[in-house]
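First to last, the protein sequences are chains A and B. Last residue of the first sequence? That's 153 in my numbering, and every number before it is there in order. Last residue of the second sequence? That's 337 in my numbering, and every number before it is there in order.
In case anyone wonders, no lab produced these hints; they're calculated from the structure. Here the structure is a predicted model, which is why all the values come from computation and not from measurement. We put the beta carbon where it would ideally sit given N, CA and C, even for glycine. Incorrect hints may have been included.
[Claimed, not checked] Okay, the calculated beta carbon distance ranges per label pair:
id	chain 1	residue 1	chain 2	residue 2	range
1	B	251	A	30	43 to 51 Å
2	B	183	A	52	44 to 52 Å
3	A	30	B	183	48 to 56 Å
4	B	153	A	85	56 to 64 Å
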Amino acid sequence: MSQRFSIPRFRLPALVASIGTHLPQWPHSLALATALNAAARMGLLPDDSLAQLEGRSFLVEVLDAGGQASFTYRAGRFRPLLKAPETPDLSFSANLSAFLQLLARQEDPDTLFFNRELSIVGDTELGLLIKNMLDAVELPTLPSLPGLTAYRH
Amino acid sequence: MPRPNVPELICPAGSLPALKAAVDHGADAVYLGYRDDTNARNFAGLNFDHKAMVEGLRYARSRRRKVLMAINTFAQPGRVADWRRAVDGAADLGVDAVILADVGLLDYASKRHPELRLHLSVQASATSYEAVNFARREFGIRRAVLPRVLTLAQVETVIRNTPVEIEVFGFGSLCVMNEGRCWLSSYATGESPNTVGACSPARYVQWEKSPGAMSTRLNGILIDRFGDDEAAGYPTLCKGRFEVNGDTYYALEEPTSLNVLEVLPEIAAIGVAAIKVEGRQRSPTYVAQVTRAMRAALDALASDPEHFRVKPAWQAELARVSEGSQVTLGAYNRPWR
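Just chain B, same shape as in the assembly:
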């Protein structure tokens, strides 16, 4: 269903019910991954086996939506064949695109499956048009997902200097946003999204209840302690509270979610091709809630861009599911250059 002038809405699917929720509530495309470490949401019980993948594709296709497959971790030594097999599988299934980060895998995919549409994952950490154009020249990528560290002006500069479609994040949990280059999880656990497909893997996480408090430990390291009335966040180092020069606070990043509704007209105006919703680890309920609000906002923008106003109902629905129950425009509106 063509919707001119507004970016495509790309929604997460960690399970078949989540995929159907995304499609039913107005996603233009869903992204998903296999049940293994070839994708950066390799969590126990999450993601798609072959049977679910086939059914997901059928469901989305019959409603004229696209399916993108994330194979966005880095092939590990001695196991390159596993990642290549994932790319072959995606090509055989006939997904609309694969989302890759590893240059070795991009090279393999572009040579072995020249018809397969390639998207450059956020994990590839391409923040400049030079990096995006390099991936286009070498591997023929058609779209790049930009890391969340860029301001809107910087996103616009990238768009003006590349023919590659640009996708940006529109909603979801924020981390330190140094995607593909972050060492914090590896520092604490020896494992990271790039290597095993999970940040702060669950088996290293302990929630300890004590009277009036809950402590979070990551591989034994105390990273936060919440009072009973305080909101909790994901157990990652970047969202821990640490003592720095005698003060204890969120030294790296507060538990919060990105929400771009306020700048949606600007995002559309500078020519962003697609907006991505984070959260393959979240439930079908979350996917339905976020997709519904984002679709309503994008449709309102498409029908009357001059009078676009963010409706309180959309913000309320998004605020409810946010990590830390607070939202931010992230780097998009920061004054830095």
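Pulled out of the complex, with its shape left as it was, chain A reads as follows:
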């Protein structure tokens, strides 16, 4: 119904995951923690929700890319974990396309969950908090780059 740019549902070839799992995982963790800290500094993440993440460990697993990122939140900052915890307080796993659709606000997390495209294991209330915290983020207006204009509406 709209002409906006749309991320298709796709699955990376199994070969990618078999290579991906053998690569070092800490760069993903560092990148994700850095991005989250940047969002927090911009005031995009509410303080009262952040306070409830103190000391909790998280694992984000991109199934078809074979990539993992794990991090914790301690003393006001997201910190990458060099080694994935054995039992993280919360783990999200999905294929790359589902994560991209979530980030672009193209798909609703509950929809992905109902369709079994997103799995959440661990502390369910913590998962709900994270989901709602990300939903409440007011995305900054992106600079209007050529080719991206169709996405805005």
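Got chain A; can you put chain B on it based on the hints?
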């Protein structure tokens, strides 16, 4: 923006981006709640603090849309002041209406804030015109939201026998529809929408992955187990699969969503004042998707009621976000009386 002959579209907002999505995609009004147990979607990280509430009101008002505040749980012993404070806050903010269920709170609101427009929440479980008229006589309610157990003929009977505006659900996840009177969540967890503002609160929910399956437990009670290819639903008792006389099946209710597009002309014809979309717990994406489809359908009905046809694109958009990926007309078209 007046749209004659079709019901108002009332959309959910669990966050500021969701409120803006609803307004941007054509909601006539949004409903929202505070970040506490005074509303029946009291989920971690969801809902509005004062600052977000003020910005939400400004955004909606500047686009001539209404904001309704749900204070639709029941005041708990020793804490009545918290609920009264929520009503006072809503009146101070100048919301267009508050949606209440507790008769004590309705009484307080009607006496303390006589100018404040009152809507009777679905949680008040008023299924007859006598109940609706009682709330009008005692508290001056202007609108009632009917529980989803009524057939269209029963909704029409209520409308014909009351001057109170009637609002019905138009889209969203279904439960056993015994709103305000359901004990299932309390049975399993000791907590319910009426008491803590959440059905099957998240801290009692466990998703367990095992090879080829995912199990759902509510306070330790196994309520469902899904194969890898099976759609999942919300972890509530009413949508669990249980063994009854040797058969295991959805004994109470299947995970499904209500979708009234097929009967939209009838809903408008019997004089329903407003259609509500369920889902304050859902993301801004869901709100945008559902609001867009419902607005398109209502506009099509308003412009040419004689030739109204449900477009496959609307149904496809709504089916995609449905719980259980299936939709139903719920009780509206059931033959029972």
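Verification of the supplied hints:
1. B:251 / A:30: 43 to 51 Å: Hint holds: Cβ distance 49 Å, inside 43 to 51 Å.
2. B:183 / A:52: 44 to 52 Å: violated, 30 Å
3. A:30 / B:183: 48 to 56 Å: With a Cβ separation near 49 Å, residue 30 of chain A and residue 183 of chain B satisfy 48 to 56 Å, so the hint holds.
4. B:153 / A:85: 56 to 64 Å: Check passed, 57 Å falls within 56 to 64 Å.
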